[in-house]
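Residue numbers (this note's numbering), protein chains in the order written: chain U, 1 to 136; chain X, 1 to 136; chain H, 1 to 136; chain P, 1 to 136; chain W, 1 to 136; chain S, 1 to 136.
Bear in mind the hints are in silico, worked out from the structure with no lab data behind them.
Note that the list lumps identical chains together, so a pair holds whenever it fits in one copy or between two copies.
No farther apart than 16 Å at their CA atoms in a straight line, the calculated lysine to aspartate or glutamate pairs in the EDC-like style are these:
id: 1; residue 1: K93; residue 2: D63
id: 2; residue 1: K5; residue 2: D126
id: 3; residue 1: K18; residue 2: D30
Number of protein chains: 6
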Amino acid sequence: MATVKLVEYEAANPAVRKVYDDIMSTRQIDWINNFWKALAVQPELLGRTWEGVKAVMAPGILDPLVKEMIYIAVSVVNGCRYCINSHTAAARKKGMTDEMLSELMAVVGMANQTNALASGFQVELDEAFEDGGRNS
Amino acid sequence: MATVKLVEYEAANPAVRKVYDDIMSTRQIDWINNFWKALAVQPELLGRTWEGVKAVMAPGILDPLVKEMIYIAVSVVNGCRYCINSHTAAARKKGMTDEMLSELMAVVGMANQTNALASGFQVELDEAFEDGGRNS
Amino acid sequence: MATVKLVEYEAANPAVRKVYDDIMSTRQIDWINNFWKALAVQPELLGRTWEGVKAVMAPGILDPLVKEMIYIAVSVVNGCRYCINSHTAAARKKGMTDEMLSELMAVVGMANQTNALASGFQVELDEAFEDGGRNS
Amino acid sequence: MATVKLVEYEAANPAVRKVYDDIMSTRQIDWINNFWKALAVQPELLGRTWEGVKAVMAPGILDPLVKEMIYIAVSVVNGCRYCINSHTAAARKKGMTDEMLSELMAVVGMANQTNALASGFQVELDEAFEDGGRNS
Amino acid sequence: MATVKLVEYEAANPAVRKVYDDIMSTRQIDWINNFWKALAVQPELLGRTWEGVKAVMAPGILDPLVKEMIYIAVSVVNGCRYCINSHTAAARKKGMTDEMLSELMAVVGMANQTNALASGFQVELDEAFEDGGRNS
Amino acid sequence: MATVKLVEYEAANPAVRKVYDDIMSTRQIDWINNFWKALAVQPELLGRTWEGVKAVMAPGILDPLVKEMIYIAVSVVNGCRYCINSHTAAARKKGMTDEMLSELMAVVGMANQTNALASGFQVELDEAFEDGGRNS
Numbered sequence: 001m002a003t004v005k006l007v008e009y010e011a012a013n014p015a016v017r018k019v020y021d022d023i024m025s026t027r028q029i030d031w032i033n034n035f036w037k038a039l040a041v042q043p044e045l046l047g048r049t050w051e052g053v054k055a056v057m058a059p060g061i062l063d064p065l066v067k068e069m070i071y072i073a074v075s076v077v078n079g080c081r082y083c084i085n086s087h088t089a090a091a092r093k094k095g096m097t098d099e100m101l102s103e104l105m106a107v108v109g110m111a112n113q114t115n116a117l118a119s120g121f122q123v124e125l126d127e128a129f130e131d132g133g134r135n136s
Numbered sequence: 001m002a003t004v005k006l007v008e009y010e011a012a013n014p015a016v017r018k019v020y021d022d023i024m025s026t027r028q029i030d031w032i033n034n035f036w037k038a039l040a041v042q043p044e045l046l047g048r049t050w051e052g053v054k055a056v057m058a059p060g061i062l063d064p065l066v067k068e069m070i071y072i073a074v075s076v077v078n079g080c081r082y083c084i085n086s087h088t089a090a091a092r093k094k095g096m097t098d099e100m101l102s103e104l105m106a107v108v109g110m111a112n113q114t115n116a117l118a119s120g121f122q123v124e125l126d127e128a129f130e131d132g133g134r135n136s
Numbered sequence: 001m002a003t004v005k006l007v008e009y010e011a012a013n014p015a016v017r018k019v020y021d022d023i024m025s026t027r028q029i030d031w032i033n034n035f036w037k038a039l040a041v042q043p044e045l046l047g048r049t050w051e052g053v054k055a056v057m058a059p060g061i062l063d064p065l066v067k068e069m070i071y072i073a074v075s076v077v078n079g080c081r082y083c084i085n086s087h088t089a090a091a092r093k094k095g096m097t098d099e100m101l102s103e104l105m106a107v108v109g110m111a112n113q114t115n116a117l118a119s120g121f122q123v124e125l126d127e128a129f130e131d132g133g134r135n136s
Numbered sequence: 001m002a003t004v005k006l007v008e009y010e011a012a013n014p015a016v017r018k019v020y021d022d023i024m025s026t027r028q029i030d031w032i033n034n035f036w037k038a039l040a041v042q043p044e045l046l047g048r049t050w051e052g053v054k055a056v057m058a059p060g061i062l063d064p065l066v067k068e069m070i071y072i073a074v075s076v077v078n079g080c081r082y083c084i085n086s087h088t089a090a091a092r093k094k095g096m097t098d099e100m101l102s103e104l105m106a107v108v109g110m111a112n113q114t115n116a117l118a119s120g121f122q123v124e125l126d127e128a129f130e131d132g133g134r135n136s
Numbered sequence: 001m002a003t004v005k006l007v008e009y010e011a012a013n014p015a016v017r018k019v020y021d022d023i024m025s026t027r028q029i030d031w032i033n034n035f036w037k038a039l040a041v042q043p044e045l046l047g048r049t050w051e052g053v054k055a056v057m058a059p060g061i062l063d064p065l066v067k068e069m070i071y072i073a074v075s076v077v078n079g080c081r082y083c084i085n086s087h088t089a090a091a092r093k094k095g096m097t098d099e100m101l102s103e104l105m106a107v108v109g110m111a112n113q114t115n116a117l118a119s120g121f122q123v124e125l126d127e128a129f130e131d132g133g134r135n136s
Numbered sequence: 001m002a003t004v005k006l007v008e009y010e011a012a013n014p015a016v017r018k019v020y021d022d023i024m025s026t027r028q029i030d031w032i033n034n035f036w037k038a039l040a041v042q043p044e045l046l047g048r049t050w051e052g053v054k055a056v057m058a059p060g061i062l063d064p065l066v067k068e069m070i071y072i073a074v075s076v077v078n079g080c081r082y083c084i085n086s087h088t089a090a091a092r093k094k095g096m097t098d099e100m101l102s103e104l105m106a107v108v109g110m111a112n113q114t115n116a117l118a119s120g121f122q123v124e125l126d127e128a129f130e131d132g133g134r135n136s
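Okay, chain U solo, but in the shape it has when bound (with noise of 0.2 Å):
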């Protein structure tokens, strides 16, 4: 199942089962994914990996959607499957549609080939774009 030992909510100590309860109301759902078992090898990696996703997938500026499609998008060029499904599924859940999947993913594989085109041909980068065109 993993290269560790998951660690199921009944056979998990005090400090474990509260980040599960956290994940549980937070998420308003009744089971916990094994991503988070295996991180629970180590109650302070999953507690501090899950007050980090928490914090940062919080609505705040950005559109909670917006931001499920961002991790989607960084977990396909890592190539993540574990990543890409998971993210895709609450991404679905957040209202993103076959349309919007398949129009990020356009973008996606755009930025991909115009990233290998640009450090394929080594292009420099032009005055305008320097400090991303924060001084222009």
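Chain U is already provided as a structure; the job is to place chains X, H, P, W and S on it using the hints.
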């Protein structure tokens, strides 16, 4: 400047000029950035790439600024310096503030971390996430 | 099983058998894993790769277990399923506990996150860090 | 200097200063490197990232120098120039010699090669390596 | 089968069918592989991608088999299982033997290794190699 | 210049000089590029890497120029600036024209795009492509 000679407007053949003109008119700017000048060595590559970028980045279901942020996310994972800077500049022109960029990076960073963890522990995909949760 | 036909010991020519024998005697095992059987299609590639791995992973200044953990770290970032699993198995044989694997992953995950942040914000290298701080 | 304006100590708000002070006191240095100054645009991101790095890189089961070398390995595969240089500098301060760096790179290079070979031939995972050999 | 519903020929609209027909006639086959069926969710994405692939992989200055091998090389570094397998199959149909595949992988593996070493040591570019040696 | 001190010919020990001499005589040049000077910190790493590169890049079934182009393709996906420039220079010396480089990049870019799409939609491998179509 690049591993090929950049094609300046003055030296460009009609096919290349036509693309350059379309880039400037579509973006309402009066200059061509180095990326396109490098592609122009093969006019067909220039034309096809520009048509793709134009179609993909045009207003669709997703907001143009959201698309630029997805473009940045992909470029960050690929470590493409040219692309990160040019699309950050493009996103700023479309209204991205420091706070939005910062929130974008928080998501990208967190995704990159959990991608490594899911991959590192070789976590098995939960049934509920199969096919991106399409059948759940 | 692979995109080339795996070369089993029985079907191997003398040059391949010699490498297989050395792998088994060096590792004190009595079987050959699929990776080497795929390389054996080109005996020279098999021999050169094995010699490289044997030399690099032999006891040196760095502890053999530390080397296995570095091997895992690289494999995680590359998302190589075969390599993550085989080197995690090798590290366990050399004494890696769940706690050590977990701490390893915590470092890999954090590095992957800050790599994205440094790249995403295009942070300029501090003078003190130039050439890896060699002259500071 | 970066795609966001770096936050210098003098211009920092109390929340950011507190993190800066902790970085300097933990590391026993009297300056802040650019990475943190870029994150400071979003104090929450700065604080969370620093807390994560501090916890992960603190003495644990793995040796602090080993952790720095793992950090370098990840940064190399990601091609993160800032991170390679800054963590090589950090590792040198913790005692890494040229010979150790060289041996680290030999492992990283070899891993990157065999990752490509295992992936390129799509080698099937041996039963003994499943779940990282956890059940063998 | 994928994170979107695959579009089978029977269920496809005329725009999609036209692309499917062109794929089959160009490749002289009588079936459509899953990749295109996934893209068909957004007919425009399907059409644009197919036109791009058709143009790029058509006979040009480079030999079609060489192009397939380059495609495999990219797919290996990206760790794209679908792409490695499908383009290895395509290359075999164009005449790639086991020996050629093996030699291709030897180059890809060696490049992946020296990429890591050049990046890991942060080797400065020699003057003679600037702009890909264009001016030397 | 690098994170280790480059070893110049004059300061090199006999083992390193022997490799340097072989590099210059094999390539029929009269200087050593920085990459090898960085590896020379560990003569064994230098020797093993050079022997590998020499063997792999020697004339074989694949054309030497084709091998250089594959080397470039890998380097582009890895974003290795040193490697892209040095191997583009090497390929030019072996006869690569601007048109060939451009066609190479068109393939690399297209592959990078479709890799992202296949991964992003998590397209299931068609039966005909299993094991790279070896059994079809």
